[in-house]
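Sequences and hints are given; from them, build the entire structure.
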Amino acid sequence: MQRPDWAPETIDVERPSVARMYDYYLGGSHNFAVDRAAAQAMVAAVPEAPLMAQANRAFLRRAVQFLCEAGIRQFLDIGSGIPTVGNVHEIAQRHAPDSRVVYVDVDPVAVAHSREILAGNESATVVQEDLRHPERILAHPDVRAMIDFSQPVAVLIVAVLHFVGEHDRPAEVLRTLRAALAPGSYLVLSQASDDGRSEAERAEAQKVYQRTDNPLWVRSRAELTAFFDGFELVEPGVVWVPQWRPETPDSAEDAERAVFLGGVGRLGG
Amino acid sequence: MGSGDSVGEPPDGPARPGAFARAWAKALAGTSYLPMTHAQLETLLQRLTDQLAAALRTEPLDLRAGHRVATELVASHIASAEALGRTVEVIQLRLVRDLDLVADDIADRMARLLAAIATGYARALRDRTLDEQEAIRRAALIARADAERALRASEARFRHQATHDPLTDLPNRTLFAERLAAVCTAHRDDVHRVGLCFLDIDRFKRINDSYGHQIGDRALVAAAHRLSRAVEPHLVARLGGDAFMILVERSTGTGDVVAVAESALAALAEPVLVGGHDVTVTASVGVVERQVAGTTPDDLWRAAGSTLHWAKSAGGAGWALYDAERDNREQARQALSAAIPGGLERGEFYLDYQPLTSLQDGSVLGVEALVRWQHPQLGVLRPDSFIGLAEETGLIVPLGSWVLAEACREAVGWSAATGEPPYVSVNLAVRQLRRPDLVQEVCSLLRHTGLPPNRLQLEITESMMMSGAEEPVRTLRALADLGVRIAIDDFGTGYSNLAYLRDLPVTELKVAGEFVRGLRAPEAADERILASLVSLAHALDLTVTAEGVETVGQAERLRAIGCDAGQGWHFGRPAPADHILARLR
Ligand SMILES: C[S@@+](CC[C@H](N)C(=O)[O-])C[C@H]1O[C@@H](n2cnc3c(N)ncnc32)[C@H](O)[C@@H]1O
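Taken in sequence, the protein lines are chains A and B.
If you read the first sequence in UniProt numbering, its first letter stands for residue 1, the second for the next number, and so on.
If you read the second sequence in UniProt numbering, its first letter stands for residue 1, the second for the next number, and so on.
Just so you know, the hints here were simulated from the structure itself, not pulled from any lab data.
Even for Gly, the Cβ is constructed at its ideal location relative to N, Cα and C.
Check the hints yourself; a few may be wrong.
Unchecked claim - Short derived list, chain B residues pointing at chain A, Cβ under 8 Å: (1) S32; (2) A39; (3) T43; (4) H77; (5) A79; (6) S80; (7) Q133; (8) R138; (9) D146; (10) A147; (11) G253; (12) T254.
If you want it as structure tokens, here you go:
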């Protein structure tokens, strides 16, 4: 008998997970030997990798801070990862205790860990889903219970889109999400980019990415900007993440070394 | 700022970051992810700077301050080997200078404070690392347990789907077969008995036809639930359609299983209300009960199937009990009918003939062809043991064609010493008569053999003509137009409606043997009936042949009545053609 397609997969912690590798870059210990080995291989090829992760995480923090100040009280963080430090709900609930946050990730270990962290938090929850099935995320009862889609919502897809290739139709995914949002909602995106790199560098990076389980789909600034279709980009638009509303002028120096482009868009109307 | 840091009086409230705190913050940048703004970091470090300065100034030196500062750094996620190195470096290089700390033993104090910071930091970092490792390991375990639970649940769901009927959620044929096989392999001793009830709702199609499939389905679901409740704890499976099977695993005898069948029938007898309709159904049940040893699931299925068939053909709304003898008989018949085509192919059939003798002059007017089967195992079989079967299965068509062809082939060679050679009379089955190509077939037979049409007689039964259908009548007319004789066989056993004979191209009536047997005493009722039958037939221009004539007396009376011909032992038993022909010469 053939296994039907709704049968779940088992957990394999013998393979590196991008969520735990990312934790390692950020200096966390929520990772296993396989993850560290993979992350170290990456660092050997791309020495800036930890800095990239830090810069991206700092962008996320500033973006959430910005959204809190803009009055957003509902957050849908897709590809949320291992809750290391500076999680969206910590930032948002410090700003406004009634803020509600739903974390979504495909990685079952990341989800289990998030669930432990969030135990007892009435205003935050986590669901295991795939960004590539936005309709399932939107229809998920736990998502529906936490988020009122008639009110503005911030959708965060930070450092995730480079795991979604064109064959998974990212533009369509974003359209589906956008259709569910009320006016005044926000979209936060960041992802790896090869803008401004030489052909040689590109080829080198490509080789590294190919070796990992999750090939990276780097995109140009124009491509990332196109994902904001239907949203109005807030200042300064799609930029290298350190350049996005930096706290100190000098923290935006050497910004393109961050490799990540990011931006925030607002749904008008 | 910066130079404003005073050694003597630590300021009240959060101090503005001084030069040292700013330098420290800068040194920490990039060591790991710091979940705070740069300003927040500087504020934090200023507070820690103050604590360090206070410790350095206090007598005796309080090393716990070094531990506290280190612990707080790690708790604030300034937690990496690099952060420690930079911290030690910046404190060693700048703290004394930036804060204008002066004391004789400052170098000594600084060394001990740094040692305390490094120790406290390493401890806190180690604890943090261990906690995080434990947390992620726990998360992995939980995730794995969740995934396995989900897998088991999906397997259970998958298994359930594979073994249950989606409409009623009853076990399906697969599950039933598994359980039955388990019972049959587990208890091969001489105590265990097992029973099956094969239940089928009578004329269920009518419910679908009159209320629609939706109501039909809902009625089925209701029936299924009643059934399984009524016969609990026995396994009830839906085999598909309106057929259900009940397994009685530990029967102590026929009575147990019959009782289950009766509960099942009783449960279905109550009408169900579906979609505003009171739907009433009855069912038939085939009951099989026997010792486990010596039977197989296949045997049981088959026996239950035959028994259900008996219950159905007995009119439904009840149960039938398996009867081995009856089953054997039916199986033998089944086997026999399956052997007919092979028998035809191998030439196992042949014809005997029985004379139809004139009562006026004793001449042989015709002969009836009677088919025989030289069965390789069973010996010579007479038509009554296989014609019925052949009619049921449709094999009568090829068999009948063979008889017709064989009779024509043999008859064409016959000659008589005086007058016409006898005609050959062949029985025709309903199915043959209904075939559109019968006329064509007879026509080409006559042409090919050269047999004159009037030497072929086809015998049909009166019931064949009673259906009122046009088609057979048209076929008969066409045959009669060819010049073929048509006889009504077994006349008197059916409706014996003479009226329709007027409209049919019939030439002869063959009166059933029953009437002839009644001709014992003169003036018996049967004789009067026969006499009027004969005169009526003559009035319609039909000749009359009496069948089953066994005695001289009967022959005498029949002649007296005016009957034209006789057939029966008195005139000659069925025999091969040459025996009969020998009498003609
Ligand atoms: C690099 S981490 C980013 C974490 C967090 N958003 C941040 O920026 O700090 C990427 C996360 O995305 C998750 N991820 C990758 N592909 C995904 C998908 N198709 N749907 C949902 N999550 C995905 C990974 O499991 C991982 O936890």
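Okay, the hints, checked on the actual structure:
Hint on B/S32 holds. Least Cβ distance to chain A is approximately 3 Å, under the 8 Å limit. For the restraint placing B/A39 at the interface with chain A, the shortest Cβ-Cβ distance is roughly 7 Å, inside the 8 Å limit, so the hint holds. Interface restraint check: B/T43 against chain A, minimum CB-CB distance 13 Å, threshold 8 Å, status violated. The beta carbon of B/H77 comes within 5 Å of a beta carbon in chain A, closer than 8 Å, and the hint placing it at the interface holds.
Using the Cβ-Cβ criterion of 8 Å, the hint placing B/A79 at the interface with chain A is satisfied: the shortest such distance is roughly 7 Å. Interface hint at B/S80: satisfied, since its Cβ lies 5 Å from the closest Cβ of chain A, which is below the 8 Å cut-off. Taken as an interface hint, B/Q133 checks out: its beta carbon lies about 5 Å from the nearest beta carbon of chain A, inside 8 Å. Checking B/R138 against chain A: minimum C-beta separation of about 7 Å stays under 8 Å; hint holds.
With a least beta-carbon distance of about 7 Å to chain A, the hint placing B/D146 at the interface is held under the 8 Å criterion. Because the beta carbon of B/A147 sits about 5 Å from the nearest beta carbon in chain A, less than 8 Å, this interface hint is met. Against a cut-off of 8 Å between C-beta atoms, the interface hint on B/G253 is violated, since the closest Cβ of chain A lies about 39 Å away. Taking 8 Å as the C-beta cut-off, the interface hint given for B/T254 is violated, the closest approach to chain A being about 38 Å.
Of the numbered hints given earlier, the model fails hints 3, 11, 12; all others are met.
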